[in-house]
Each structure stands twice: as structure tokens, then as C-alpha cells.
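J.: Assemble the complex: chain E is given as a structure, and chain F must be docked to it using the hints.
Chains as they are written, first to last, in this note's numbering: chain E, 3 to 440; chain F, 960 to 1553.
Honestly, the hints are just simulated from the structure, not real lab data. One or more hints might be untrue.
[What the hints assert, rightly or not] Quick list of the computed label-pair ranges, beta carbon to beta carbon:
(1) E:Ser18 - F:Val1466: 57 to 65 Å
(2) F:Val1116 - E:Lys126: 30 to 38 Å
(3) E:Glu28 - F:Gly1199: 48 to 56 Å
(4) E:Glu125 - F:Pro1332: 23 to 31 Å
[What the hints assert, rightly or not] If you want the footprint, here are the derived chain E segments under chain F, 3+ residues with CB under 8 Å:
(5) 52 to 58
(6) 229 to 242
Backbone N, C-alpha and C fix where the C-beta goes; we use that ideal spot for every residue, glycine too.
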Amino acid sequence: MYSKDIEDFLKKNNISVGDRIEISGEKGKFEGLLMPRVQGETEVLVLKLDNGYNIGIGFEGTEIKLIEKAKPKKPEKKHKEGKGEIAILGCGGTIASKIEYKTGAVYPAITPEELRMTFPDIEKIATIRSKSLFSLLSEDMNAEHWKILANTIVDEIKEGVKGIVVMHGTDTMTYTSSALSFMLQNLPAPVVLVGAQRSSDRPSSENEMNMLNAVYCAKKDIGEVCVCMHASMNDNYCYLHHGTKVRKMHSSRRDAFRSINSMPIAAVNYMNDRFEVLSKYRKRSQKGSLKASTKINDNVAMIYVHPNIKPKLLESLSDYDGVVIVGTGLGHAPTNPFDDRHARPLLPAIKKLIDSEIPVVMSSQTISGRLCMRVYAAGRLLMGAGVIGDGADWTPETAYTKLCWVLGQTKDMKKVKELMMTNIAGEISERSVMKEEF
Amino acid sequence: MKIGIEVHQQLNTKRLFCRCPSMLAEGKDPTVVIDRRLHPVFSELGEIDRASMAEFEKSKLFEYQAFEQSNCLIELDEEPPFPLNRDALMTALEIALHLNAKVVDEIHMMRKIVIDGSNTTGFQRTAIVGFNGYLDTSKGKVEIPLIAIEEESSGIVETKHEKTVYRLDRLGIPLVEITTDPSIKDGEHLREVAEKIGLILRATGKVARGLGTIRQDVNISTEKGARVEIKGVQDLRMLGKFVRNEVLRQEKLIDVIDELKKRKAYPVKSKSVDISEVFRGTDSKLIKKEMEMGGSVLAIKLPKHAGMLGKELQPGKRYGTELSDYAKHARVKGIIHSDEELSKYNFSEDEISKIKEKLSMGERDAFVLVVAPAKKAEAALAKVMERANMDYVPEETRRANPDGTTSYLRPLPGRARMYPETDVPPVLIDEKLLGETKERMTGSYEEKKKSLEKILNKEMANRMLRSRHLKLFEKLAADGIDPMLAATTIENTVVSLRREGFGLKDVEGSLTELFSEYKKGKFVKAAIPDILKELSEGEKITEVLKSEKLKRISGKELEKIAKENGLDIKKIMSGYRLRVDPEELMQIIKKLRK
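Next up, chain E with everything else stripped away, as it sits in the complex (with noise of 0.2 Å):
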């Protein structure tokens, strides 16, 4: 946004963005097509050259005449949805994405048409369908959001596609992966969730081989819910991770994604044919079993260790359903068992918590490992006190989307920690996996 007298000026003169003007100064004429300013210093003026530079001149002092008003846009056509094998559909993210050169500005591209010009080769693979929910960052995704898109899923299933594909935001896209595992069992065919860590707006973006490897695991004989992403800093596969056992561990690499705990189920590259099989998964179900149970509670609040934590931040979640503590090491969190002076414990308010009938489950800041807590005295005591989690290999994210989940189905302290101790969509492995490296 510019300035108030920018603004001002530009809408007396009947000047808009994207339309031709000139601008002339003590430092020379310039003719170009007034940018919308995104970012930076709004009391100067973005103008797009012919030469396809933008450059930024001060507004202060200068004649600005209107040479052309830009051409209005044509409207966009309304598509039809007709029908396809596979059914792709939108949550917002960068995997596919259109510049508008002009303005450049980004918007999500979702229409089947837009999707064959973003990934040309992807009706080699399979015929698409698509449906846009949501055009938003991950971060702002919620609990409503994964229950819209659960819903549509179960829907598309109905109308007979054979696979899913769900373009989604990295930063949040494990929540969403490992909450719809829970939400949507006995999959007759896979959810396959996707993102890219380049937006589609470089030509170096990894959008278009996760894409087109995600299609091609949602033709496959699968019935869970996956994150089909760069497999290493290479553009030769991709890994398809089991939607509960997967996390995102770099801020920008390609290959962010990790399976924790797990090996990913497959190495896929749809241009060999690929799908090597790395760890046992489900199956699709037979058609009519499956199992949508959407209902979700989202007052569910997680709280992270660490040191100096304060008795009085457990106590103020006092109004929550649930809550997961991300703990140190095997499970744990101060609970002063050698009465030192300076200690502060947090179990008396864990305590209160669970004694009010809010669940407090473990997770673990190690990411990988399984949570032991009989072995030292603090996990003990959090374990006396009620807290759940012994024995799991969750992740921080899938314990807190099971805990949601859970509370969506009972209120009842025994029964969620009985749900929540017993493996529903492979969340808790029974045994460790030996990698060289975790």
C-alpha cells in the first residue's frame, strides 16, 4: 500500500495500479506501469520500465501524467467439474501458485486447466479433478479447516475417485496429516498430502515432482493417509511418509521431511516407475468401511519445557480440555524429587490439571525416540500423577492431534487414556526401527 497522499493523489488523477504513467523529476522522465507496493517505504512510487525492471522513484516532486489505463481483466471462466480418477484439492500453500506478472501479485492456482499448465504431464499419470477449500498459509489452518476437508474427502470417496490429493502448506501440513489419519480410518483409497518448499513461482520450484509423485501414489493400492516430498536435495524421488510418523525438520531444505521413528513407506519416482516399498502400510479397505469420525476438539492447548518454566503457565491452561506437555528426553518435566531449594516443580499443577479431569499427555523435545518414563524419578511421578504416554514414539504434533481427535469422541479420563494409549493409525509403533542414521 502506498502512502495517504499517494492514494489520494493517484485516485484524484484517476490513476490505478497497473496502469501506464509518467513520471518526471529533477532526475528524468520515466514511462512505466504503476506496481502495487507490497513491502518497504510507501512514500515511494514502483514503476515497472518496458524493459521489465521496477524501480522505485520518491512521489515527493515529481509530475506523474496518466499515458494509458491499464486494459480491465477479462473475467476469469467458470469451470466445470467433471469427473476424474483422481481428485485434487486445495488448502492454500505455494505448491501451485500463479504470478500475476503485472501486479505481482500470487494466487493459488486450482482450476483443472491450471493445474494441467502448472504440471503439464500430470494427466499422463491420472484424469485430476479439483476442488479449492481454502486458499490460506498453513499456519492459519485449524481444527474447522480439518474438518472441512475431512468431510470432502469422505465425500469424494463417495463419488468413486481413486485416490486424493491434498495440496497443503509445509509448516503445518504434519498436523493436518496425522489429524485427518485419525479422523478418516479403514481408507478405501490414500490421502496423499503434498506441498513444495520452493513456491511454484520459480522455475526451480520441487512443486512439479512432488505433484506428480503424489498423483501417482493416490493411483496406488493404499489406505492411509501420506506426505508424498522431496526425498533429498536431488530432484530423482520423492519419500511417501505414513501421514502419523512424519515431521518437518528444516526451514527450507527440500527434503524438510523426515519419517521419525519409522521408515517411510515407499521411494517413488513416477517418471521410472518407482515405488519401492520401505515399510509396511494399510491397504486400501474395501469400499463402504470406511470409518469418518470428524468430530474434533480444538481446546486442546501444548506447552514446551524448558527451563525457568513457571507452575503458573500449567495453571493458567486450567480452562483447556486437554493438554500435551513436549517434555525432555525420555518424558519429562521438573518435578523436584530431591527437594532442592532453587527447584521449581511443575507436577503439583500438572496435577491439579488431571485431577479436574483435563488429560495431560507426554511428548518428547528429542523428536526421535520413545518416551520412557520408569526410568527416572521424574517421569515416575508424572506417570503417578496420571500423566499419558508411556511407551509411545509420537511425535509432538501427532500427540497433540490424537489428544484433539480423542476429545472429540469421549470426555471420560479412562476411556481417553485407553484411546489414547492404543494404536490407531500407526502413531505408536510397537517395535523401534534400527536406521544408521534417525
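T.: Same frame as chain E, but now just chain F:
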């Protein structure tokens, strides 16, 4: 004829969008090697013919070699860029000011789409810094409409069959691009302009020096021909030759086109034919080898083209070469055509007549054949047809060959495909930034020239102005060292010692040390080469000066020697040349004679 030039100069700062040093990793093994693909991006303006582009470009794989010393995740396109390097920006602003340009009020970084693999991102980041500058030359004013700051591309290592290999140690080094208007008169003038821009850049003391740190692209358009950009001229002495050859090429090309028009050869319509069977059991090693590896021989008839493919356009390069350069874009090694001496490929008479038969060729027709895997050969012949149908001089970007000829690289980009680099925030050029820039600005090239001519003779002033050690010289002269002595040491002594095998590893450090000791009177001028020899072998100056061979003799000691030698200057100097200052000796003798 119109000539313009673009000068690309690397800056001597850290990289433009990360904090890696702008250092090449010559001789080092890559730390990481990765394979990538690029694809054209969605354009609402429909600037890219997506379908054909995709077909053509997508089969391409790029290999990138990254080096621990020079690169980080940013060059690998695995991390978003840092904000624009302020040091580099100030240098670019300084250069703009030296070129009499106006400075933009705000820098907006753009993405210029380049999908030949030379940038891991698929685009080059570039921004206008200055505009409306000019240069005074012997043939009048040359306008400089544009000064930009941009990032260097990756260096190409090799083009393999299935992929192109690049090294990333050059990627992201800051570049300043200076573009003149097309008002340069001729080759000689072009050289003057290029040289002068080079001098102005070097006078700042903030640009990189050495092979490949400055590159020139020449824009030439002829009246009847077209605009052509010749990329990557490194040697200024070659500029004139490139201009002459390009003018010649366009003239000859027009002759060929006129003749083909006369013959009514346009539009060129033809279909490719698989003639592999002609070569079953051939004696042609070239064809045999390719066919054994699964290649096919595809050929195409060019009606009414007989004799035209062999017309020379540039020294050693024919019209057929132009077709071949296009074919190479489909990754074949080249083409074989009917105007060539086919016996050099060991084609038999029988084979040649069979080719003609298969293509139902008449007397005035020509053929082109390609041997490669069928799909590739097909694509190559499609490129040949695309070129053959251009009944005009095409606008092209051409590569500068070392021999002064050029080869087709790609079509000249139309309206630049640029869009904002949203990962890099705009930079406001406010009074503070401009003030800081002016504060650290060195004198202009003209000022420098004048002040050097005051303290050095004309020839040495000229050499110093071009020297990569200008800054060192200025420092020494300001320190009170005799300018001529400092200049000859830098430009003559150091250079001739290097030729003798006594190259200094750190010229600046060694000379600073040397002259600081010299000022203290520790040795005489004549000893400088010998001292530098020792320094080149890693000796410390303090140690070197302990040697009886080089330590200065003066005062009482010198008086004693003078007396011992009967005040014979010649005798004394021949015995103690390296240790005695002749002027001091003269004075002592004068004193003793009295």
C-alpha cells in the same frame, strides 16, 4: 550500424545474497554434487510457449557442484536469500556516480528468468541502481542508460549427453552491469569505450581483478540485418574483430537469403526420413559408432538449397554451421550436409546416391542428416527446419569464440521476462546510505589520472592507473615513499622477479613491510630485488636484514670504508653495491675531501 556494449564486472565483496566469500574453489573437489531440473513457470502474459518449452527444456538435467569454501545452502537454492549485501550495493552506487548517473530512490530486486541451468533458482537476480549516465570519449558522449547490480551465474563445467554440469563457486558473486546506448561508432571506438569503463571501474579499487572477472557483451545491429548480442568477450583487443566478423556474417547471410528467395526456396517444407538402412555395414566410423549405440540416421531434404549450405559466412564457418548450431540445441553433436566433402566421413558413392534416392532429391536440392537416438535426431532436424525457414537475419544471442567468430547460443530474449524477487526486500536509497557511499568513494578516474601524472612520469602513471595494486601504490606514496620507487618496485621489480620464479604470495603485505623497513633506513634501494627474493621464499624481513649481505652501511662505518678504499667511489660501489646508498657516499667523500 549500431553498436552498444554491456560490461559485467565482478565486485570485490562477499556474495550478493549470502555471506560466503567471493572466492573460487579452483582445484578443489566439490563437497556436494546434486542433480536438478528446471521448468518454465506459469505466465499470465503467455510469454513462454509452455508446451514447446517444456518438451525441450524438461528433458534436461543439471548437475551442480558445490564447494564448502565458497558455497552455502543459498547457492544450492535450499535457503532463501539474505537481504541485499550493503557493501556491494554501495560499491555499485559509487560506480554509478563515477559514471555520472542518477541513482534510483529505491532498489527493487527482480528475477530474470534463465532456465539454461546457469542459476540454481532458474532466474538471475538483478536490479537497476543507476540510470542516465554518460561517458566522454574521443568520438563524443556515449550515454549509459542503465547500471544494474546482479548476481553472477554458475560456471559451466561440461555438457554431457544427458546433462549439463555446472560449478557453483561463481554463483552469487556480485556483478555490476553497465549498458551503453547504441551510439558507439566502430570497432576502435568500442574498444576505447570498453577500456575507459574498465579503468573507471578499477580506479574504485573495489572490483575484482583477474581472468574472467570482467566480461563484455557487444550489441550490434546492422541496417539490413538484425540486432545480435555477442556474449562473453574477454579480450578487449578482440572487440574490433568481433564487430568486423559480425557485419560480414550478416552481409553474407543476406546474400544467401536473397539467393534462396530468388530460387523460391521459402517456405522450406520437408519431412524427416529414417535412412538408417542405407548405412547397414557402412565404412563410416562416425555413423557406425553411433548406430552401435542405438542411434538412427535421420535425414531431411532442403529443396533448392544446393550449394548454399557451403557458403562461408564467417572465417571457417558456413551457412551449414548456422543450421548445425541450432541442431546442437537438441543435444546432438552436429549435422552432416550435402555441401560438405562427404568423403571425409567415409561415405561411399553408393551410400550417397541411396540417400538422394530415399529423399527423392533433385539436382538443386540439399540434404542434412543427423545420427543420434531417433527422438533426439528428430528434434535436431526440427531445429534445422526452424532455422532454415528464417528468411531474415534472426535476432540472436551468440557466443564469442576465441578466434573472433561467433556461434548461436539462443534467441535474443524479447521483452525481458522479469518479475519481482519477493524474497529480497526493496532497499531505500536515503541520504544516509548515499552519504556513506560518498564518504568511502575514491577519487574519480580523471582525478586519479591527474594526481598520478603529478608524481609519476606519463608512462608509469598510465601503467599505475591500470595496475591491480593501485591502492597499494597510493598507500605507499601517502606514507612518504618516493612514488617512482614504489611504482617501479610494484610494476617492474615484482613482475620480473615473478618471471624468474620468485613470485610473492602476498604482494601487498610484503611490499608494505619492505617499505616500512626502508623508511627506517635499514637497507638501500639496490637491495630491494634481493630482499624480495628472500621474502618470496617465505623468509621474514627482520631475519633477511640481519644478513651481512644486505644490511645498509652508513655513517661512521661508511666513512671508514671510504677511507680504506682511498675515496674511490667506483671501487667502493662495486664492492658494496647492495649496502651503500650512492648519495650518502658522495656526501661523505665530499666531506672527507674537504
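J.: Run every hint past the structure and note whether it holds.
T.: Now for the hints, and whether the structure bears them out:
One distance hint, 57 to 65 Å for the beta-carbon pair Ser18 of chain E and Val1466 of chain F, holds here, with the actual separation near 59 Å. Remark: the range hint 30 to 38 Å for Val1116 of chain F to Lys126 of chain E is upheld by a beta-carbon distance near 32 Å. Here the CB-CB span from Glu28 of chain E to Gly1199 of chain F is close to 39 Å, at odds with the stated 48 to 56 Å. In this structure the supplied range 23 to 31 Å holds for Glu125 of chain E paired with Pro1332 of chain F, their Cβ-Cβ distance being about 26 Å.
Against chain F, the segment 52 to 58 of chain E contributes 7 residues with a C-beta closer than 8 Å to a partner C-beta. That satisfies the three-residue criterion, and the hint holds. Here's how the segment 229 to 242 of chain E fares: 5 of its residues keep a CB closer than 8 Å to some CB of chain F, so the rule of at least three is met and the hint holds.
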